[in-house]
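Engineer: Each chain, letter by letter, is given below.
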Amino acid sequence: MSINPLKIWRNEKSRQIIIQIIVLIIFGWFISWLAGNVSGNFERLGKDLSFEFLFIPAGYDINQYLISYNNRDSHLRAAIVGLLNTGLVAICGIVIATIFGLFLGVLRLSKNWLANRIAYWYVEFTRNVPILLHILLWHGIIINTLPHPKQAIDIFDVSYLTNRGFYIPKPIAESGIGLFYLFTVIAIIFAVLFSRYSKKRQELTGKQFPVFWINLMVIILFPCIALAFNNFPISLSIPELKGFNFRGGLHLSPELIALTFALAIYTAAFIAEIVRAGILAIHKGQREAAESIGLKPDRVMNLVILPQARRVIIPPLTSQYLNLTKNSSLAIAIGYMDLVATLGGISLNQTGREMETMVLVLLIYLCISLSISSLMNWYNYRVKLVDR
Amino acid sequence: MKIKALLAASVAGVMFAGSVLAGTLDDVRARGKLNCIINTGLAGFAAPDDKGNWQGFDVDFCKAVAAAVLGDANKVSYTTATGKTRFTKLAAGEGEILSRNTTWTFSRDVDLAQTFIGVNYYDGQGFMVPKKLGVKSAKELDGASVCIQTGTTTELNLAEFFAGNNMKYNPVPIETNAEAQELYKAGRCDVYTTDASGLYATKMSFDNPDAHAVLPEIVSKEPLGPVVRHGDDQWADIVSWVLRAMMSAEEKGITSKNVKKLAAQDNKDKEINRLLGKDPLQGLSKLGLSADWAVNVISQVGNYAESFERNLYPLTIVRGMNALYRDGGLHYIPPIK
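Protein chains in written order, with our numbering: chain A, 1 to 388; chain Y, 1 to 337.
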C-alpha cells in the first residue's frame, strides 16, 4: 500500500505531529543560527568564550561575607560570596514579607474600621511605588538620619545604631558547645513528636494540650540546661568603638537592612492582597458553620479558613517569592554586594568577560527561581492532598 | 534592570560588531557625526554646563577628533557610560571613541581587544577625607569605611594598598560618582577614593570644598587615555595623532588665537608648517584627512594646554606630571614628520 501524503496531512493527529516537527526544526535552526552568530562575531572581535577567569584571584574586597573571603580568593569564590548574600536577603525578605503580609491581609478584612483602613492605605501606598524607590528611601533614611558612629545611639552599652549600620553583640561558641547543639536538636525532635502525639490524642479523645507553650518551654529550657551543665561555653563579642568604626560584634550594614526591609514591606503589600483574596474565596458558610459550633474567632481563622485559603494563596505566593528574589538584584543601586554586584559587577569589569559573567548570572538566577518554584509546587501538592 | 541593559548591550555587541569593525572613518563621515562615549558626569572631564552642553577635558578630545575628521568640532553626539558599561558600549559600536578617564592596563588592552591610543592625563589614585577627621596620611586609615566607585581599577589598588600596609577597611562600592558623593557627604564613609583628578573634581562640586582634604598618598599609576576598538588601524592612527597634534601645538606655541595666522605664513620651524598643512605631511592622505585637519582642531578646540587650563584649572588641578617633558612633565610627543 502506497503512502498518500495528502492523506497523512488530512489526518488530524499526524498533521499535528508534522507541524510540531516543523516548528521544532525552525526553532533548532534559530538557536544554532544565534549560537553561530555569537561565536562568529566573538571571533571577529578577537574575543574568545572562556571561563578561566573564574579561577584567577579576584583582587577586590567584599564588605559582607558569610564564608571566609579575602581579595586573594578567586572570582568563583567572590561569586559564591555574592550568591550567599543574595540568598541571605532573599530568605530574610521572604520570611518577613510572609509574616507581615499574612498579618496585613487578615487586618485588611477586619471589621474594625481603623485597622481595616490602615491596612488598605498601606497596601495602596506601598505597592504603587517602584521597589527601587523603596530601597533608595530606606537606605537614605538610615544613612541620613542615624548618627555617625562617634555619636551612636547606645542601647544598654551592648548594641549601637549608627549610619554605618547596626552593631549587636555576637555570640561566640567555645569548647563544650557540642552538648548545646545536641540538646537543641533533641528539643526540636521532641517538639515535633509531641505535637503529632497531641494531635492524635485530640482526634481520639478530644482533649487538648497547650502544645505551643509546652514546646516553647522545651525548646528554650533544654539548651539552657545544656549550657548550664558545661558552665556556659558561650562568650559575647560586644561591639566597641575603635578608631573610625565599631569593631567586634555583629555588623548589619545599612545596605543589608535597607534592602531586606524594602523588599519585605514592598512584597508584603502584594502578599496581603493575595491572602485577602484567598480568604474571601472561602464561602462565608464555612465561617458561619465554624462559628455556630462555638469556635473562637482565632480558631475559626486558623482551623477552618486559612487551611482552605492556602490552596488559593500558594500559587500566586510563589510568584511573589520569585519576584522578591529577583528584585534583590537591585541591591547594586545601594552597593550591597549580591551576586549581580560581585560576579555581574566587579568581576565583569575586572575581567571584561561580559558574555560569560552575564550567562552565569542568568543561569544562577534561573536555578534559584526554579528551586523556589519546585519547592512551592511540592508544598502546593501536599496541601491539595491533605485538603481533599 | 541593569542586567537587562548589559545583556542587551553585549548581545547587540556580538551580533552587530561585524559591521562596525573596519571603515570607522567612512562610517563617521557618512553619518556626519562622531559618536563619543563619555562619563556620566565628572566636573572638569565631562559634565553638562548650565545650557545642557557637555563640557570638559574628555569632551574636548571628542570635539578635537570631530574637528579633524569632519571639520566641525560640534558634530559630536555623546553617549554616557558608567565604569562598568563603557567597554561593552565601545565593543557594541555605540561610539567610535571611548573618552572617559580610562586607565590603560595590560588586560584591558590585550584581553578586551581594545586599542589605547595614548595618554592624555597621568593620574593616580588618592584619598579624600573630611578635614574634621584630623587624618593627615592614608596610612592612618586603618578600620575606615571607604566609598569606592565600582567598575574601575580602584578596587584592586585599594585592596593592595590596605593589605600592603596591614590595614583593614570596610569597602562601600557605588556605581556612579554622583551616588558615591552623596554617601560620602552623608557620612556613610570616612574616605572617598578614586583617581586624584576625580577627587579634586568632586571636592570642587561640594558646597564647602575647604572642609575636605585630599591626602598626599597617591597609591597607583593611572595613565588615562582615549580608547578605540581593535582592528581599525587607520582610525586608531587618526585618533592618536589628533592627541599628539594638540600636544605638539602646545610645544610649538600654536594656540587657537594664532593658529590661523601661523597657517597662512611660512614659518621658520618647518614642523609647524607640516602640522598646519603649509608643507606636505607625508602619509596624511592614508589617514584620509584633509591638509587643514590640525588647524581645525587647534582653532576650534585649542591646544592641549588650552583645554587643560579651561577645564581643569578651575578644579585647582595643576599641570604636574601632565606638563610637557621640557617643563618637567611626562608628555613627550613624537615628531610630526
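For the record, the hints were derived by calculation from the structure and aren't laboratory data.
Quantities reported herein were computed from a predicted structural model and do not represent experimental measurements.
Heads up, the beta-carbon is just placed ideally off N, CA and C, and yes, glycines get one too.
Treat the hints with caution; some may be incorrect.
What the hints assert, rightly or not - Okay, the calculated bits of chain A under chain Y, using three or more residues with CB under 8 Å as the criterion: (1) 52-66; (2) 236-248; (3) 333-343; (4) 346-358.
Engineer: Sort out which numbered hints this structure fails and list those numbers smallest first.
Structural biologist: Those not satisfied: there are none.
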